[in-house]
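Residue numbers (the working numbering), protein chains in the order written: chain E, 1 to 383; chain Z, 1 to 383; chain P, 1 to 383; chain R, 1 to 383.
There may be inaccurate statements among the hints.
Here are the simulated DSSO-like pairs of lysine-lysine, each with C-alpha atoms no more than 27 Å apart in a straight line [as the list claims (entries may be wrong)]:
hint	chain 1	residue 1	chain 2	residue 2
1	R	K193	R	K277
2	E	K227	Z	K380
3	R	K277	Z	K259
Bear in mind the hints are in silico, worked out from the structure with no lab data behind them.
4 protein chains.
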Amino acid sequence: MKRKRKICFVITSQIHYGRSKLILLELKKRPDVDLQIVVAASALLDTYGSVLEDLERDGFTINNRIIMTLEGGNTVAMAKTTGVGIMEFTTAFDNLQPDVVVLRADRYEVIAAAIAAAYLNISVAHIEGGDVTGTIDESVRHAITKLSHIHFPTNVAARQRIIRMGEHPKYVFNVGSADVEFVARNRFRVSEKLINYLGVGDVIDIHKPFLVVMQHPVTSEVGQNRKHINETLHAIHELGIPTIWFWPNVDAGTDEISKGIRSFREEENPHHMRFLKYLPPEQFIGLLKRSTCLVGNSSSGIKECSYLGVPAVNIGTRQHGRLKARNVVDVGYVKAAIKRAIKKQVAHGPYRRSTLYYRKNTSETIARILTRVALYSQKKFID
Amino acid sequence: MKRKRKICFVITSQIHYGRSKLILLELKKRPDVDLQIVVAASALLDTYGSVLEDLERDGFTINNRIIMTLEGGNTVAMAKTTGVGIMEFTTAFDNLQPDVVVLRADRYEVIAAAIAAAYLNISVAHIEGGDVTGTIDESVRHAITKLSHIHFPTNVAARQRIIRMGEHPKYVFNVGSADVEFVARNRFRVSEKLINYLGVGDVIDIHKPFLVVMQHPVTSEVGQNRKHINETLHAIHELGIPTIWFWPNVDAGTDEISKGIRSFREEENPHHMRFLKYLPPEQFIGLLKRSTCLVGNSSSGIKECSYLGVPAVNIGTRQHGRLKARNVVDVGYVKAAIKRAIKKQVAHGPYRRSTLYYRKNTSETIARILTRVALYSQKKFID
Amino acid sequence: MKRKRKICFVITSQIHYGRSKLILLELKKRPDVDLQIVVAASALLDTYGSVLEDLERDGFTINNRIIMTLEGGNTVAMAKTTGVGIMEFTTAFDNLQPDVVVLRADRYEVIAAAIAAAYLNISVAHIEGGDVTGTIDESVRHAITKLSHIHFPTNVAARQRIIRMGEHPKYVFNVGSADVEFVARNRFRVSEKLINYLGVGDVIDIHKPFLVVMQHPVTSEVGQNRKHINETLHAIHELGIPTIWFWPNVDAGTDEISKGIRSFREEENPHHMRFLKYLPPEQFIGLLKRSTCLVGNSSSGIKECSYLGVPAVNIGTRQHGRLKARNVVDVGYVKAAIKRAIKKQVAHGPYRRSTLYYRKNTSETIARILTRVALYSQKKFID
Amino acid sequence: MKRKRKICFVITSQIHYGRSKLILLELKKRPDVDLQIVVAASALLDTYGSVLEDLERDGFTINNRIIMTLEGGNTVAMAKTTGVGIMEFTTAFDNLQPDVVVLRADRYEVIAAAIAAAYLNISVAHIEGGDVTGTIDESVRHAITKLSHIHFPTNVAARQRIIRMGEHPKYVFNVGSADVEFVARNRFRVSEKLINYLGVGDVIDIHKPFLVVMQHPVTSEVGQNRKHINETLHAIHELGIPTIWFWPNVDAGTDEISKGIRSFREEENPHHMRFLKYLPPEQFIGLLKRSTCLVGNSSSGIKECSYLGVPAVNIGTRQHGRLKARNVVDVGYVKAAIKRAIKKQVAHGPYRRSTLYYRKNTSETIARILTRVALYSQKKFID
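Please model the complete structure; the sequences and the hints are all you need to start from.
Structural data, given as C-alpha cells:
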C-alpha cells in the first residue's frame, strides 16, 4: 500500500480556523492523507476564543499545542514571539515528520513556522501569498513566499506577483479564497441570543440595521494606534447606529487599541455598542451577512464582504494596495471622513456579488493539490 | 548639530569579518556615523577563530556579544539557532536603537537579525542579495531581500532579480563585491610560519605549488555530506599535491564533514595535507593568491578567485546558479571528475583578472549610501 | 586604584523598584561601586506602571532592558517566561560582567536570573530568602537560595532556615526588610488628585475611611482564582466601604482575576470602588498609611502594614506560613468570613507598631555587605 | 477501571539511559503505569552515542525528542541551554500531561525539566538528590531538590540532607543507587571487538591490565580545564599502561578538554591509548569490571566501582564531598601525584565489595513508590 502523505496544518488564530475549516474537512476526508494539526499562539489564548473546542467538536485530533506569544502588544513582543515560535515549531515538525506544512497568510507566527519547516527540508505550502497590503505583513508575506514551495494565491494579480518573485509557475495555483468559498458554500445563521450572551455592552437587535467594526492595530504605526481608534470610536458614537465591535488581534499596538476602547467606554458609557472577542466562524459569517456595513481595516471587508455584497468602510493603511471590489470605500483616520463614508454606504445598501476572490471548490482543489503535487525541497529562483 | 546616524553592523562569522572590514573602516571614519557592532553566533565560537581579537586590534568597539548557536550540526540546530537569534537580536536592537541594521549574505543568523530589525521598524540594509545558489541559502537570501529596505547586490544580474522581486529600484545599488574590493585594494602577504603554526597535519611549503580546499556542508543534502567529502578527500589524496584544507562552516552537515575528515586522517595518515580552522582575512587572501587552485564549494572560488585569476574547481550544488567567471570549472561529487578538473586547472595556470564582481570603491560607496540615503520602514511591492 | 566592584541589580516588577529604591540609592552613593541596572519582565509592561520613568527621574542609568513575558496568564506562560529569561539574562550578564548579581524574592523572572548568574560563575546575592509561604513561590524561593551565595533574609526565622538548608552562616545576614525600612524612613503623602486621575471607577475621598484590596493569583490554584476573587469582590461590594483596588500581578491566574473583576464591574456597576494598576512607591505607602484596612493576599499586609499598624485581612493560601504580626487576620476564600474579618479589623482600628520585619539601616547594611564581603563562586553544602 | 498513572521519564544523556534502564523496565512492566519517555539534549547528539537506538531495541516508545544544546562548551552555552530546555520541556509536558515527571541527578538539562514541571503543577520525582560534590552541580542538585516532591537519594547521608533542607521525611526514600543495582544485577561482558571497532587510537587487549579514564570538565574551573587534562594525559602517557579513554561530557569546558586531547594526540602520537565516545551501558559495566583502575572524576569511580571493587583514582574537585568507599584515592591536578596514585592502586589490586551505595531492588522500589505514593503539588518547608 502506498504510504499516506503526512500533511501538517498549522492554526495560529481563531479566525484562521474559520477560514481554513473547509480545507481541513477536505483533507480529513481523503484516504491518502495523514492529517496533522498543530494549534499555536493566539489560537490558544483564551481571550481569543476557544479554537480547541471548535476543532474537537468538528472531529479533528490535535497533534500539538504550542503556547508562544509574548505579552506587551509591542514590536519587541512580536519579534520575540517569532523567535520562540521557530524553536517550538522545529521540535513539533521534527517529531511529526510531515511531508508538507500548510500555512496561511502573513503573521509572525506564520513566518516562524515557515522558517522551521524550510530548514528541516520540509515542503511548505502557503495560502494567500502574493497580495499587497500595508504594515510589516507586507514584508513578511513575501518573505514567506520565498521560503515556500507550493503557493495558493487567491487572485490572478497575486499569482503574477509570486511568479515575478522567481517562483516556478507550475507550483503557483490561483485557487480563489478559501475564506470566500466558506462564505459561498453555506447558509449561515447567527443567533441573536449568542451575540447578546457573549461580550460586554448593550443588547443589539440584529433584526434592525447595525454596523460591525473590526479595527486591528497597524504595527508600523505603533504609538498612533490609540489616536486612530479614537477617530473611529467617536465617529461610531456620533452616528448612533447600533454596532457590534470586535476586539483587535494580538499584534504590536493591540494594547493601544484596547486601552482606547476601555477608556472610551469608561468616559462615554455608550448605549448602542456591544464588544465581542470571538464568534464561531459560522456565526460570524451569519452576522456579517445581516450587517449594514463593515467598518475598520479587516480583510473581511475586502474578501468576505465582496462576495456577500456587504458595504465596507476601510480605514487607514492596513489594507493599502489590496485588490478591492466595488463594495469598499477607503478613508483615512479622520472622524468626519469615517462618518461620511459610513453614511454613504448605509445609503447605498447592499452591492452586487463580486467574484474577484471567488473560485469554485477552492478547498477541494487545495486538498487535492496538496495530496498529489510532486514535492520538492531545494528551491531555485526562476529567472 | 545634526544627530549622527546610528548604523549597526552585525558580524556572525569570522570570514564575514574579513569580508566586511573595509566597510567597517569606512563607517568608522565618517563623522556623521555612530557605528554599532554586534558580534554573534559562530564569530564567537572559539573553534572558528578569534574575531573579537581581530576587531579590537583594528580599533573597533563591540557593543554586544551574542552566543546563540545550537550544537548538533543538523537542520534542527540551524532552525532553533534562528529562533534563539531572533530573541537575542531583538533585545540587542531594542537597547541599541539603531537607525539601520547592516546584514550580509544568507545564513540563518542573518535572517534572524533581519526579522528582529524588520519587526522593530528598523531599516535593514542587505549586502549580497539577489544571487542564485543552491542549498537553503537560496530561499533564505531572497526572504531576507523581502525583509530589507536597502540593497547592495554585487552584480547586475542580482540587481535585476531584486527589482523583479518588487523592491524599489532606487534602493537597489549594484556596488560590486566588498570581498573582491578587499582583494583588489591590498597587497596581502601570507606567513608560512603562521600557516604551519596553526592547525594540524603536515608542514606545507607555500613556495611550491599547493591547493586550498574549502568544502562546506550542503544543508539540503544532509546525510550525504560525508559521502561527498570522501570523494574530495580521496581525490586530493591520490593527486598527492600539497594541500591546505579549511574545516567547514557550522551548518547542518558540518559534523558529517568533520567526521569524514577525522576518519580519513586516522585511516590514511596523509602526508601532504594541513588542516586549518581560521586565518586572519589578510593572511587568507595572501594564501589564496599564492595557491595553484581552490577546490571545494566556497564562494571564494567564484568571487575572490575571479579577480585574482586563481583557478577554481567548484564541486556539487552549493554554488549552483551563481554567476561565474572563466576561472571556475564545475564538477559533481565524483572522485575521478574532481581529479580530472584539478589536473586541468593546474595545467592551465592563472586566469586573466575578471571584473565580474568588482567595482571601484565598493566599501566607500556602501558607507556613503548608508549614511545619506533616506530611510523608510513601511515596504510596498513595486509592481 | 582599586577596581570598583560591579554590582548588577535586577528589577523585574514595579513594586520591586519601590521596595529596592533605598538599596539602589545607597549603592549609587558608594565610590567603590559600579552600579549596573537591568530592568526586565513586567517592570517593562506598560500596564504595570512606568518603572523606567521613575528610575530616570531618580537619576539611575539603565544598562539593559529585557522584554520577556509570555502572554496567557497561565502556568505554561510562567514556565516559558523563565526559559526566555535565562537566555536573556545570560547575554546581559555575559556582556556586563558583573561581580555580583542582586536579586529579590521568589518570582519566575528571579529564578531565571539566578540560574543565568550561577552558571556564569557570578556570585548571587538574594534578598528575602528563607521565608515560608504558599504557591509555587515556596519552592522557587528555596531553589534560589540554593543557587545564591550571599543571603539577606528579613527575619530571624528565615535566617535559621537558610542555614539549615546548608548555606554558610557567615554569608546569611538578617538585615530586616528593605520594604519596611522604606516605610519607616519616610513621611510619605498620597495625592488624592493622582489617585482619582489614575485608574477607572468611582472617585474615592481618601479623607474618609477606605479599604485597599490587593489580591494576586495563586498559581497552584489555577482554575479556582476566579471563584476566589468573586468571594472577595462580593464581600467588598456588600460592605459598601469605599475601596481602592489594585489589579493583580502577572502570574498564572492573572486573567482569571482580571476577568472576574471586569465581569463584576459590568454586572454590578459598583459605586464605591476605584481600580488602579500602579502607584509610584512613595504614593503607595502614603495610601497604605491612610487606609483603614488592607485586604487580599499581598505581602504588604504582612510586612509594610505590620510596621504601619494598619490592620490586614489575609485571604487564602498565598501567604501560608509567612511570619505575621498581630495586625493580620487570616481567612479562607469565603465571602461571609471575609466580611466578618474586615468588620472586625475596622472596629479594631490601628495596631501598635511591630518591628518583626524592621531593623535599622537595612539598605545601607546591604549595600555595605555587597561591597565588602569576600565573593565566592563554588558552593558547598555545610553539614 | 482505575486510570493509569502517567509517569514521564526524562533522559538527557547516554549514560543517563544506562543508569536508568532497570527503572524503565520496571515501570514498563506495571499494568497501572502509562510510561512516557522524553529524550533530550546530549542524549540526541550523535557524538554522544545512540540512545534512541538502544531505547527502541529495548522495546521502549519515545514520546518526544528535544534537541536543545547550545554549542560553545562554555558557561554561557550551559545557561542558555537551560533556557531553551525550559521552553521545550514545558511544551512537551503540557502536551503529555503527566502525573509525575522523573528526573535524575544535577545537570542543567535536569533543572530545566524540574522548573517546567514545577510551574505546571506536576509532581517531580528526583533520583540522586542530597549528595555533596563540587562544580555548579552542587548548587543545581539542591535547587532541584527544592523544586521536587518525591526524593530517591542513594545513601543515608543524602537522605538526611534532603530532610534538613525542609523536605517532608515521608517523601524521602533512601533506595540505594540504581546505577549500582544495574551493576549488581547482571553479569555483563564486554566485547573486545566492539571496543576496538569504536573510537580511534591503538588497539587495546582487554585480557591484559588496562586503565579506563573518564575526566569531565569542571564548570567552575573554566579556563583551567585544559591545563588539568594535560596533567592526566601526560601522567597516563608516562606510565605507558594500555588505556581506554572516554571523551568528556558536554559541559562548559568540554572544548578545552577535547582540544587538550586532540593536541596531545597530534604531538605525542601515543601508542597505548584508545579514545571512545560511547559504549552501550552493559558493555561499559563489562569494561569497568575488567579494568585495573578507573582514573578521572566520573561518579562511576565512586559508585559503580565501589561495588565492583575496582580501584579508582579521583582527580580534582568535581567529586569533592561525595561519600566514598575505600576503593577511591583522591589526588589534585598534578601529574606526579596522579602517577603515584595510579601505581598505588595498580599495586593494591581489587578491593572488597562495598555496599555504601547498594540496596536490593532499587529500581523495583522506585517504580512501586512512583506508582503508589500520594502525589501532591503545593510544597511547604518542614521546619
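We went through each hint and held it up to the structure:
This hinted pair checks out: K193(R) and K277(R) have alpha carbons roughly 16 Å apart, not beyond 27 Å. Between K227(E) and K380(Z) the CA atoms are separated by roughly 24 Å; this keeps the pair inside 27 Å, and the hint holds. Restraint check for K277(R) and K259(Z): satisfied, since their Cα atoms lie roughly 13 Å apart, inside the 27 Å limit.
Violated hints for the displayed structure: none, as all numbered hints are satisfied.
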